[in-house]
Amino acid sequence: MLSPLIWLPITGALLIAFLPTQMTAKQARSGALAIAGTVLLWTVWLFTQFDLGNATFQMQEFLPWLPMLGLNYDLALDGLSLMMVALNSLLTWVAIYSSPDKTERPRFFYSLMLMVSGAVAGAFLAQNLLLFFLLFELELIPLYFLISVWGGPKRDYAATKFLLYTASAGVLILIGFLGIAWFGHSFDFSYESVLQVQLPLQAQLILLTILIVGFGIKVPLVPFHTWQPDTYVAASPPVAIMLGGVLAKLGTYGIFRFGMGLFPEAWSIVAPGLATWATVSVLYGSITAIAQKDIKRMVAYSSIGHMGYVLLGASAFTKLSLVGSISQMVSHGLILALLFHLVGIVEDKVGTRQLDVLNGLMNPLRGLPMVSALLILSGMASAGIPGLVGFITEFLVFQGSYSVFPVLTLCCVVGTGLTAVYFVILINRTCFGRLDSQTAYYGKVSADERVPAFVLAALVVVLGLQPSWLVHWSEATSASMVAAIPAAETVQIAEAIPESKL
Amino acid sequence: MPTATSSKTLPPSSHAFADIIHRLEAGGSMLPDTPDNLKQIIGIYKAYAVPMDFYWRGLLYISERVFLNPLPAFKYFISDEYLDRPNAYAGDNADLRIWRGQADAHPELREFMAKGELKRKLPKWMHHLWHDRINMEFAEACMQAMFWHDDINPKFNAYLDSDAYKANADGAIRAYFKGNPAMLGLYKLFPDLFLEQVKRLSYYANLGLFWEVMAPVFFEMSDLYDEGKLTTVPEAMDFLVNGIFAIAGRPIYHHLYVGDECYEIIPKSEGFTWLYEAALPYVEAVFYRTSPFRGTKSYNAQAGQVPSEPKDFHYGILYADLFPVGSAGIPPTLLMQDMLHFLPDYLVEEYQQHTRGADDTLIQLGVTFQRSMYNVTSAVIQALRTALLYPLDDPNPQHLKANRDFFEQQLDRFQRPEARLKDIQQQTYR
Amino acid sequence: MANIVEIATNTEGFSTLVAAVQAAGLVEALATGGPFTVFAPHDDAFAALPPGTVQTLVDNPPQLARILKYHVVADKLFQADWSISQTLTSLEGSPIPIRAALEVKNASVIAADIEADNGVIHVIDRVLLMG
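Chains as they are written, first to last, in numbering that gives the first Met the number 0: chain D, 0 to 501; chain X, 0 to 429; chain L, 0 to 130.
The shape of chain D in the complex, shown without the other chains (with noise of 0.2 Å):
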């Protein structure tokens, strides 16, 4: 039931770059939507068939690989995995339908993007660490290539600077990984079986630490962030939704399943520095964000910031904080692509990010005036307007992270403030304003330039609607994650109830 995730994908990657026949841009991406769109279908179809009483793994599948290693096909999934799959095989397809038909070199390009959907499933959906280990790395070469090909100016030096962080990213789980099986002195990497083994906590403390290091490279966490805005704005916009979208969650996810999950009690211990990173994080990615010129570098800041929320809730593990870090890792994505596909479009039509040239786009004749609105709405997202999916998934961290970490969560409260800050700027300066009428012979936004849009904006106002659409799925999942952490905590949070339900 869970292979095809993987599967679909990467058999249509080899199809569209090895089919034996002349492909146009345009066919090539078809077939990427259309395995995109299988895939996706196929997801929902999951959703139907999801337990949500069940806080454990389901749908389970299992095939012997290499058995001497511990490395087995061993598949399965919950409420966090789930929302994560769920939003890969979203975003795939939105980022698959905003790549522009003139695509260069368009087989090798939808097949790449292919191979890395199907590998990030994989690795969300892998219940054994050496699987995810091996999938995680997958996913790294075709993306490389992705950044490399077809991305923007200075795209070599950006490829590379990602190749390095995500490769050391690797290096350190793979450490952590072996090293839970070195002081376990069990070869079976089965995400089960890791949680059977009982270690000392310094040895669960130097492995957290390990692999909190390694995964926060990804999400990315400061200081390793500097990969990050590079990347994404070397990257060409559908890129930059698969990289911020999807890709970063692989590193809360990885925090999340193998940091959390496996160590509950040293968690319990690294928490308040977990936090207090996550709030740095939060601080510094929305002051530079304030600071940019340039759009899409401001966007990919703003991530930063936004990936420290999740974090914050992870820290304070209440079942609350938890089921709004996940929500968050997917209404982030969803916010991100959006901004990332608005800004492409901008981009494109204007030929430049630059706030200091963009002005007036809001002009209903010449301007880009539906983007711009869609680009208030994605802001206004961002900075967690409430109505919006922004405000539930932000709202549920701090709701649930008050408790534990009254003021950290106050100084996150102060990052969502300062989102508003440079949302602000951003829209004032380019939709806002007068537009030049020198300059502004933009070209038409066509119909299909806009569905991408369509989509997410649509989510991002339904989820904000009706949030128990997105929370639900992750419920069952969160509380007994948080029942994994030891008691003292727990008692912490009874005593906070009264003062959170205020």
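There are no misleading hints in this set.
Once the Cα atoms are required to be at most 25 Å apart in a straight line, the calculated SDA-like pairs of lysine to any residue come out as:
1) X:K421 / D:V356
2) X:K421 / X:H21
3) D:K348 / D:A372
4) D:K443 / X:D320
5) D:K348 / X:Q351
6) X:K267 / L:E27
7) X:K74 / X:K118
8) X:K421 / D:Q437
9) X:K123 / X:F76
10) X:K154 / L:L90
11) X:K165 / X:R199
12) L:K68 / X:S268
Bear in mind the hints are in silico, worked out from the structure with no lab data behind them.
Please build the complex by placing chains X and L on the supplied structure of chain D, with the hints as guidance.
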């Protein structure tokens, strides 16, 4: 118009717009002579003439009939009498029959007034409130600009301040409010307030009489173009120059009708002429100056974004940034909307082929309008040169120098960064 | 000697001017008042105006009178009495600049100093216009 020899006898101009000055000296227009420019400006003259046919009738209706109505809710609902009113310079009984065309309201105008953009016959007030009508607000904004820039029409304004005018206005006001003690009482309390309103109405009449002439001129140009008799931009300009002279002596007056009784507030015998008291002030007030329009662009007067002297204002069509910014307070936007309804087919087709086609026709026709008004301004400049200076083929180099100085002085006004003279030299400016 | 109107009437080449003066109702004033300096445009000057110009003026006597008054100065000035860059004030009220010898505004003087009972006539080759 004879071609000039000035370039042979005078050294080339060193003006920033030297090319354009040489073109003017050769009898050309500020607008380059290209077939596309000709097509654009003639097409827009036609689209402009139809609403203008309403503007002048409406302006005269307001100045002669609505007058000081304290609640002029229906001032734009002009009477049939004014729709049928024969244009003094068109139709079989015209004072001067040099332009063909009919005397009463243009059929396209009548059709639009009946059905509007909705193409549906609805009560007048519905079309009015839906703004599916001719935007008289534009005409009033032009009138307001002429009224407000009070330094450009000294003789006319001096008369408005004279005792004779006061006496005439007084008689008219008393006659208009006869049997209305409330308004007469108010008049007694605030006579200057009423007088000021009458002065404003005199400008309604002024502008109405000005446009009454321009509408048949533009219709005629469109007809000539359709018949293939107008083939270059300078020809179009010369047609306007001749028109300006032909009609220069037309009297400018302000009459009030109460019932059948006519009250002469500005009698024809005051000698005010179309050229001096209407056309030239109009060009200065509307093409060059006007005033900053309300809209999404905000002006900061403290930062010097609005000139301190009204004479330095530069918000007219020759400087306009034609992006409509969407608020109803912007007169050019209203005019563009009006012209949109009457575009000839060849312009509709042309706009389809450029930039965003139907989506931004409003801007494209605005730019076309700008081009056409540069041509009209060229006609005014050439007419003034003819009237006040020397022929372009004058053998006397002193005279040619005087002509050149005049041209340079005129073009100096387009050295402001906002001026669009440079833009209209390019066909890519749309 | 004769008055200004008589001279104009009896001289070849001023039929348009005379007709205009009659239409504007200025005959009486020009014949009896004075002293005047009249810049009299030759028939060719009127003919050089675009078609319709003269007719519109003739149809509207007050407006025509105003243009004609611009050709009259309320003083008896021979050519020797004015100099370059001097400005004369017309009866209409607007100034008439003198830019060069033998020129009045943008018109050239074809025949100067024709003396009449109540003034002097200078024949010019172009109709003067205010502004």
